[in-house]
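Residue numbers (this note's numbering), protein chains in the order written: chain S, 1 to 307; chain L, 1 to 307.
These aren't lab readings, by the way, just hints derived from the structure by calculation. It should be emphasised that the depicted structure is a prediction, and the values quoted were computed from it without experimental measurement. Among the clues, some could well be false.
Which copy? The list can't say, so a pair holds if one copy fits it or any two copies do.
What the hints assert, rightly or not - Below, simulated SDA-like cross-link-like pairs (lysine to any residue); rule was C-alpha separation at most 20 angstroms, straight line: (1) 152 / 198; (2) 297 / 15; (3) 98 / 118; (4) 52 / 78; (5) 191 / 4; (6) 107 / 141; (7) 49 / 28; (8) 139 / 105; (9) 258 / 29; (10) 118 / 163; (11) 98 / 61; (12) 121 / 132; (13) 45 / 15; (14) 107 / 96.
Now for the letters of each chain:
2 protein chains.
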Amino acid sequence: MKLTILGSSSALPTSARNPSAHVLNAHERLYLIDCGEGTQMQMRKCRIKISKINHIFISHLHGDHVFGLYGLISSLNLMGRNNPLYLYAPENFGNILKSHLNDFDIKPCFEIVFTGLKVKKPEVILDDRHIFVMAFPLKHRVESYGFIFREKEGDRKIIKEMIAIHNIPVSQMQRIKKGADLIKENGTIIKNEEITIPPPKPLSYAYCSDTSFFGRLPIFVKNVDLIYHEATFHSSLEDMARITGHSTAADAARVASKAGAGKLLIGHFSARYKDINPLLEEARAIFPETYAAEECKTYIISHNSSV
Amino acid sequence: MKLTILGSSSALPTSARNPSAHVLNAHERLYLIDCGEGTQMQMRKCRIKISKINHIFISHLHGDHVFGLYGLISSLNLMGRNNPLYLYAPENFGNILKSHLNDFDIKPCFEIVFTGLKVKKPEVILDDRHIFVMAFPLKHRVESYGFIFREKEGDRKIIKEMIAIHNIPVSQMQRIKKGADLIKENGTIIKNEEITIPPPKPLSYAYCSDTSFFGRLPIFVKNVDLIYHEATFHSSLEDMARITGHSTAADAARVASKAGAGKLLIGHFSARYKDINPLLEEARAIFPETYAAEECKTYIISHNSSV
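Work out the full structure, taking the sequences as your base and the hints as a guide.
So, in structure tokens, the structure goes:
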């Protein structure tokens, strides 16, 4: 899995940072997470084909997380898309989108399959070929959701040498990969563990969109390999973070630390910070494996590689 | 007057071109003309303060001319704007905007003064301090308008030497600048023409948004100093231009030529043209003073200077 940051500003974009949008590539399927204004242009800039997006997840209905969707849908329509587009967003966005398409007389030539989000605790919202996607509630001024993308457990791998040693027939290979023992022609049973190695541990990624810190959040994202967490403010503006329903860099680091996460990527920086190093330092003091989001940069998600 | 191009793509943006948006600076007042997705980011990139925009003109309700407005209004709101924002757009956008603000629970801290456009021939829609703005109908798939920005006639200028020669009193200067004769203390009348020079000829700029060619268009924009005209297609795709309600580069040049314009700036290029030189050459064969729009470039509008 790899994550490309398209936008890392908070509500006010700057000349250097765009509103929130992220593309997760899991087994060459692309998942768009939030869609701030300019997402389609950022995708082109980062050389990601907009036609390859099949699933879009909108965390909440603030403009900096969703206003790029209208242009993206228009462009997909102009490009003559055929495949359905699966859209996950807070429930009432379904009607908002319908009105919008009606107002601008847009009749998409592809189906938009809308799923309204309404969860109180982490729930699976998509069971795709290689991954599960779960939504979980955040704590913001409006209904807001985070998302966890978790790889499915892969097949066990048959040890090459064992194929020759035991003369494993092709007909049994699928079963063995799923964990079954080998049954030889003479009836001998060879334990699965002797002829296979376990699949790589599934990877996981959590996206924590706009939120204040709250106690259950680290539990929701327990043990994920990479967390993206908003860090709108430095802790010197902690009061402002509380009032606006946002997090400080220290809050983000606290979540990652308590969750036992592998790495932390912070973003959604307030436009007031020309230099985000103080936020990075603040987070690293609590959770050393913290990195500051850079736009158009792709982060490989793995169990132990550096971000 | 000077014009900055923020966006010069047609409906599909490219990695090099953004959707339509232009800022006209007339006597240090900024007029935003169309507002495609990403306009606020382009303004920041081109170092134009979004807070300085007081008037916005939307030519028609296709997304590539208007989807940047939602983010711009959000940002102005976050910045605590006080001044009213004057918005001119096709009539039914008034209700669309109201629904949008309601859907996203945006209560702007400034007044949006909306003027619905509905004109069959050129009509003044704004009488500002230094300029008039006129709207005129275009011919597109949906109701579409062009705009002319015309400087008001300035005051006549009193010839410096004449002030001393005739001992012109300060009390008469304003009247004389407006064209009145000088009445000396002894009753002698000095003709205005002898002591003043006429003001510089007012400048004018016409924005021709999405449109097919039609016979009255050059009459609508007669004698303007600079025309921006869409040139979505090369004339090798003339049929497509007709079907989609757009112009070829040759159409744009024909308008400028028949109108007796000073210069022509073409833009709104289809994403299919990586190299727009063939469009430029086609237009120049008909109207030599044609230039191809470049983003973040500022064009000085004058009677005879080069664009």
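Results of checking the hints against the structure:
1. Proximity of residue 152 to residue 198 under the C-alpha cut-off of 20 angstroms is restricted to the intra-copy arrangement: shortest distance 13 angstroms within a copy versus 80 angstroms between copies.
2. For the identical chains of this complex, residue 297 and residue 15 are neighbours both inside a copy (17 angstroms) and across copies (16 angstroms), given an alpha-carbon limit of 20 angstroms.
3. Proximity of residue 98 to residue 118 under the C-alpha cut-off of 20 angstroms is restricted to the intra-copy arrangement: shortest distance 19 angstroms within a copy versus 26 angstroms between copies.
4. For a Cα distance limit of 20 angstroms, the shortest separation of residue 52 from residue 78 inside one copy, 15 angstroms, qualifies, whereas the shortest one across copies, 34 angstroms, does not.
5. Taking the closest pair of Cα atoms, residue 191 and residue 4 never come within 20 angstroms of each other, the shortest separation being 42 angstroms inside a single copy and 73 angstroms across copies.
6. In the homo-oligomer, the alpha carbons of residue 107 and residue 141 lie at most 20 angstroms apart only across protomers (15 angstroms), although the nearest pairing inside one protomer, at 33 angstroms, exceeds that limit.
7. For a Cα distance limit of 20 angstroms, the shortest separation of residue 49 from residue 28 inside one copy, 12 angstroms, qualifies, whereas the shortest one across copies, 40 angstroms, does not.
8. Within a single copy, residue 139 and residue 105 get their C-alpha atoms only as close as 35 angstroms, which misses the 20 angstroms cut-off; across copies the closest is 18 angstroms, which meets it.
9. In this assembly of identical chains, the alpha carbons of residue 258 and residue 29 never lie at most 20 angstroms apart, being 30 angstroms within a copy and 53 angstroms across copies at closest.
10. Proximity of residue 118 to residue 163 under the C-alpha cut-off of 20 angstroms is found in neither arrangement, the shortest distances being 49 angstroms within a copy and 79 angstroms between copies.
11. Within a single copy, residue 98 and residue 61 get their C-alpha atoms as close as 15 angstroms, and across copies as close as 17 angstroms, so both meet the 20 angstroms cut-off.
12. For the identical chains of this complex, residue 121 and residue 132 are intra-copy neighbours only, at 15 angstroms inside a copy versus 58 angstroms across copies, given an alpha-carbon limit of 20 angstroms.
13. For the homomeric pair residue 45 and residue 15, the shortest alpha-carbon distances inside one copy (15 angstroms) and between copies (5 angstroms) are both at most 20 angstroms.
14. With identical chains, the CA atoms of residue 107 and residue 96 are at most 20 angstroms apart both within one copy (15 angstroms) and between copies (17 angstroms).
Violated hints for the displayed structure, listed by number in ascending order: 5, 9, 10.
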